[in-house]
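Colleague: Sequence:
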Amino acid sequence: MDSMKPWPAAMTTHDGATVGPGPADLEDLRVLREQFVDFMLGYKFAIDEITTKINILREDFNSKHEYNPIEHVRSRLKSVESVLEKVQRKNYPMNLAAIRENVLDIAGVRVVCSFISDITTIRDMLVSQEDITLLEERDYITHRKPNGYQSLHLIVSIPVFRSDRTERMPVEIQIRTIAMDFWASLEHKIYYKYRGEVPPNLRSDLAQAAEVATQLDAKMEALHRQVDRSAPARSGPLDSLDLGMLYNSLAAENSAHRATNHQG
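Okay, so the sequence shown: first residue is 1 according to full-length UniProt numbering, each after it adds one.
These aren't lab readings, by the way, just hints derived from the structure by calculation.
Be aware that one or more of the hints could be misleading.
[Claimed, not checked] Pairs of lysine-lysine, BS3-like flavour, derived with a Cα cap of 27 Å: (1) LYS189 x LYS90; (2) LYS90 x LYS219; (3) LYS64 x LYS145.
[Stated by the list, open to error] Okay, the calculated beta carbon distance ranges per label pair: (4) ASN68 x SER204: 54 to 62 Å; (5) PHE182 x ASP48: 38 to 46 Å; (6) LEU135 x LEU41: 18 to 26 Å; (7) ASN95 x TYR140: 29 to 37 Å; (8) LEU135 x MET245: 43 to 51 Å.
Think of the CB as a built atom: it goes at the ideal place given N, C-alpha and C, for glycine as much as any other residue.
Could you put together the complete structure from these sequences and hints?
Modeller: Encoded structure:
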């Protein structure tokens, strides 16, 4: 599946007219499209796997700690056009094997959390799972980008079990706070509006806003730690719990329920 032919090109006749591909080329194009759709499905399934893992961690963590470190999760799959444009821009070979090896951000998942400490918690819970392999990590929080951007970027690989094979697929995971996400969203909108040519005064304002976001995160983290210290401790390991009290309570409830139904 990884040997992808070049896209059939339009042809120019002797009189300068441009004509489309012939029947044989159209068949090649159909096969190419089918191959690429199947190729991209693997990345879509990888997103599904990662988001399922994150949702399980969110629910389990909330059950154990009565606290949810994950505010929301978003995902995106690069379009075929975007993938091929990047391959051409980076001068990678135009085949599926080269794309799989070099373009590691086709599948993307963004996790937004409340506090800076949540970022490490989520990161550790994910990469500690046996079927997740950490390929690359870029910490733009400790080492903030010059423009003010902050986020933790992970490239992981995860097995995807297809009907006829198992593939390890790369997924980019970005983990950031609400303040970091708000700043990044604003920065993206400004750069998009000005097509990258942002006036100096706006760049300066963005840098100041990034500093304010950093200060806000630090203040919110301090408040979070104060509240966390005052919270009552949870009970011990589940294996040590005596379930007799729970059994007696449920038995009493069932007995009362049956008595009520009998009277009715």
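Colleague: Need the list of violated hint numbers for this structure, in ascending order.
Modeller: Hints 2, 3, 4, 5 contradicted; others consistent.
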